[in-house]
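Take the sequences, apply the hints, and build the full model.
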Amino acid sequence: DGKTGSFAGLLLAEEENQPKYLNSPETPIYHKGRLLYGLDKSRPFIRERKTVLLVEGYFDYLSLAAAGVRNAAATLGTALTPDHLRLLKGYVEQVVLVFDGDQAGRAAAARALPLFLSADMEGRVLTLPEGHDPDTFVRNFGPGALNEVMARAQGLLDFYLDQTLAGRPDNL
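Numbering follows my numbering, with no gaps: position 50 of the sequence shown is 50.
Honestly, I wouldn't trust all of these hints.
Straight-line C-alpha distance at most 27 Å; calculated BS3-like pairs for lysine-lysine [said to hold, decoys possible]:
1. K89 to K3
2. K50 to K89
3. K89 to K20
4. K3 to K41
5. K3 to K20
6. K20 to K41
7. K41 to K89
No lab work stands behind these hints, which were simulated from the structure alone. Bear in mind that the values here come from a model prediction, so they are computed numbers and not experimental data.
Put into structure tokens, the structure is as follows:
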């Protein structure tokens, strides 16, 4: 509903044994697994397009919004949960996962399949080039390039099968 529920900070210089982001502790009001950052601002655009670009972090969301990509929301840097999908179910036809273009991002997208099946929702995966996240991709290539790769977003089940087979090349 647009009210502040917590605060987060980003380390300006990497420090050993310190997380990149520091979040407020969970409270009775603030549960990372139940909230989507930016949803209050993006909801009208998400409803209009019936599609949400779901990203992992605050800066991913902010960069997309600054570039004019208004139908996005972020999972607050945590794994996708059934509660996240429940928040979106009423007004989207599809969720496009736009996670980091690295092994961890691909693994997180693949782990989402059971959640989508349980929620009876359509999921797609937009795979970014290795080493890019939504923030760096849109800053380096612009929102037009994001729209171009959006056309190649893969169905979540197909993505899952491709990732599973890629991890087991001897079983082909």
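Consistency of the hints with the structure:
Under the criterion of a C-alpha separation no larger than 27 Å, the hint pairing K89 with K3 is consistent with the structure, at around 22 Å. Restraint check: the Cα-Cα separation between K50 and K89 comes to about 10 Å, which is no more than 27 Å; the hinted pair holds. In summary, the hint linking K89 to K20 is not supported, as the alpha carbons are separated by about 31 Å, beyond the 27 Å threshold. A distance of roughly 11 Å separates the Cα atoms of K3 and K41; the hinted pair therefore holds under the 27 Å criterion.
About 25 Å separates the Cα atoms of K3 and K20, which keeps this hinted pair within 27 Å; it holds. Simply put, K20 and K41 have alpha-carbon atoms about 25 Å apart, close enough for the 27 Å limit, and the pair holds. At most 27 Å may separate the alpha-carbon atoms for a hinted pair to count; K41 and K89 meet this at roughly 17 Å.
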